[in-house]
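**Q** Chain order of the listed sequences is Y and R.
Once you know that position 50 of the first sequence is 50 in UniProt numbering, the rest is easy, because the numbers rise by one and skip nothing.
Once you know that position 466 of the second sequence is 466 in UniProt numbering, the rest is easy, because the numbers rise by one and skip nothing.
Among the hints, erroneous ones may be present.
Across the chosen pairs, the derived CB separations fall in these ranges [to be verified]:
#1 R:Arg339 - Y:Met19: 50 to 58 angstroms
#2 Y:Gly242 - R:Glu332: 56 to 64 angstroms
#3 R:Arg339 - Y:Pro33: 52 to 60 angstroms
#4 R:Ala407 - Y:Ala83: 53 to 61 angstroms
#5 Y:Leu174 - R:Phe33: 43 to 51 angstroms
Simulated from the structure, these hints should not be mistaken for laboratory data.
On a predicted model such as this, the values are computed, not experimentally measured, just so you know.
The beta carbon of each residue, even a glycine, is placed where N, CA and C say it ideally should be.
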Amino acid sequence: MNRLLKNREILLLAIIAIMVIGFSTRAQGFASPGNLANIFNDTSILIILALGQMTVILTKSIDLSVAANLSFTGMAVAMANAAYPDLPLALLIVMAIGIGAFLGAINGFLVWALQIPPIVVTLGTLTIYRGMAFVLSGGGWVNAHQMTPSFLNIPRMSVLGLPILSWIAVLIVLGAWFVLTRLPFGRAAYASGGNPTAAVYAGVDIGWTRFLAFVTSGALAGLCGYLWVSRYAVAYVDIAIGFELDTVAACVIGGISIAGGIGTVAGAVLGSLFLGVIKNALPVIGISPFAQMAISGIVIVLAVVFNARAEKKAGRIILRDRAAQDRNTGEVSA
Amino acid sequence: MNGVTKIQDRSPHPTAMTKAAPILEMRGISQIFPGVKALDGVSIKLYPGQVTALIGENGAGKSTLVKILTGIYRPNEGEMFIDGRPIAFHSAQAAIDAGVTAIHQETVLFDELTVGENIFLGHAPRTRFGTIDWRQINDRSKALMRELESEIDPTVRLRDLSIAQRHLVAIARALSVEARIVIMDEPTAALSRKEIDDLFRIVEGLKRQGKAILFISHKFDEVYEIAENFVVFRDGRAVGQGKLKDTPQDEIVRLMVGRDVQDVFPKVKVEIGAPVLAVEGYSHPTEFRDISFELRRGEILGIYGLIGAGRSELCQSLFGITRPSSGRLTLEGRPIGIRSSSDAIRAGIVYVPEERGRHGLALPMPIFQNMSLPSLRKTSRSGFLKAANELALARKYAERLDLRAAALSVPVGTLSGGNQQKVVIGKWLATRPKVIILDEPTKGIDIGSKAAVHGFISELAAEGLSIIMVSSELPEILGMSDRVMVMREGLSAGIFERDRLSAEVLVRAATGNQ
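All chains, full assembly: derive it from the sequences and hints.
**A** Next comes the structure, spelled out in structure tokens:
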């Protein structure tokens, strides 16, 4: 039991289960399979984005431009769909992924070739991509009646009891798991974040690895651009505004170390579901949206504290000397 | 009250030194880290107005002693006395309050702050209202600088100063607290001869003020020039101390090197084969120049030198971490170009770095993943990772190196230092290299593990691997090497065959003290 509790994915799963049970005592049917499937479907986009974010964070970087990327790509495919209703949906999806990957590649290139800190690069491109969405649309909206029925409906189609949107999330989860645990790129991502210097010494090209991580994150953001526009049946500049923080929060709650090198796909998924359950439950039990934000915030801070403590324990042996030095300089200059 | 006047107050009896009681005495000090006894029952005394030189190889315990004196470490055993009264430092501030100050090798100063701010950071004089008293900072900084025979303006930013001037600021900072015991940790490492002369004038001034100085240096000529007393450390023990003027340099070298070399390092006789690696005219813009040597099959080439002689930098460039500005590399008769570490690994040259935590291991990752990281090409099949192959590879080398771990899937960060070192070595052996570069392979591990590592290095050579071993420990270099290249200030100071090797020869070549 003790060992089970130490596994943070299982701990998180248990907490989510307890939350669901707790909420169902207040709201009839909260724990019904139908509602749980709804919550999962509702959280699908967050899960996909969080997996992209996780890939980037693993390499000791961060991608703050995912929501802006989503907004631009969503606008682009929505406008393409409105202007050329005959374009096949598959082409639009490929286009969304392609545009997203290209925007991600811009981030990756700036981080890799110009050695600019990822937080600065993506903070900049966040604004640029939103601005591009505005320029592209002229500030206008693309509404449901301008979109073709297949564009709107395919993600909602139910297959084996779940909407296609959910199935896409499931596929991406499996894909992310495969890439991160079964491909050399995944290993390189963990190594680049776990200890960049050691990774270089081991022959890992960390610049290239980061570039690929940003491309991955961008491609997933692009895919989510289509999914989002289709789900909410509207495209405008401000869609998903601030959503990049939700993706980071999902990762942090899921135990992905913001310092890189630590984290699992299961963690990112559970972190997203945790946020999804809270988001869906609080209105049901009558808590105001403002309290929701505060509660999410508290949970994130707690998760960070929890992570920091766990990491400190793991790294203690070798860092003792360094810590002593740091303490020294701290005290002298204090 | 003004700190400067206090310093001047304390310079009354420049003549009564030799007979004076020690300001500071340490008795039976031991410092134990998991797996290593860094200091073992060390006793030293520091006298007012005298310089005591602390001499020893890297890892002999000098830095640990400095950290105890400055209140960073609390010793496990032993007592300290200041003016005969027992004292214990519970924090760095306590050491400063007791009058101990240290000028470190790499001084912690702030480029963007002014000279005055740097000097008084943390203990700035205050006005009546509790705000910082800038006028006093400037006046006292000027006074301190004048005491150091320098006219540096206290309002200049540190980044505009030369290295030597920064050093003066560091000294001024150390003296701005009421210090009676001044520790100088390799203060001359970055200085030119003229700057060293200036520094020594300052040290003479401090002596006249009756301060006790602990002077840590590798360079014998400097030690004889400035110090009265010496203490030699070896393997955490004070193995000799006394007056320098009664002690010839050879005696100190002997104390430093200590044990009879051949007994501890039973070097396996290995048939030395054909040349494997030839380095010609290797140069780097700043770190080393015109290095040439040849390495044969089964040979152990030692590289000896002082810290900063460019040894690690040379090895890192052979491994593709940095690029040389000129020079040629030939591996098994074929010229090769190495532009990245993956080129080097593919060619069969690997590097086991000195700082295993920083360069060697990704601590959160499992043991087997760390071990397989440079070998993924071999363990993967058609681009997919094969965990079974990785585990098999890790198991093979874990057994061979006698790695102690609960499971190969636990994070490397949970292992002890010695076992982490085994993971690093195993990881590189698994790439089946032709040339292995070991940078300080036994630094920071205890004597028992050292012997195991040395035995293992001999075994590798016997299997036909060519080994470059960088080490600052003379016994290790003397005991293990077939040949030794000595580096000094980025240049090769000679390559010595095994039959011509002796501690004196190497130390003289490394210090340039022919």
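**Q** Quick one: are Y:Leu174 and R:Phe33 within 43 to 51 angstroms, going by C-beta?
**A** holds, 46 angstroms
**Q** Mind checking the hinted window 52 to 60 angstroms against the Cβ distance between R:Arg339 and Y:Pro33?
**A** holds, 58 angstroms
**Q** Could you tell me whether the CB distance from R:Ala407 to Y:Ala83 stays inside 53 to 61 angstroms?
**A** holds, 59 angstroms
**Q** Verify the CB-CB distance for Y:Gly242 and R:Glu332 against the hinted window 56 to 64 angstroms.
**A** holds, 59 angstroms
**Q** In this structure, is the beta-carbon distance linking R:Arg339 and Y:Met19 contained in 50 to 58 angstroms?
**A** holds, 53 angstroms
Of the numbered hints given earlier, the model fails none.
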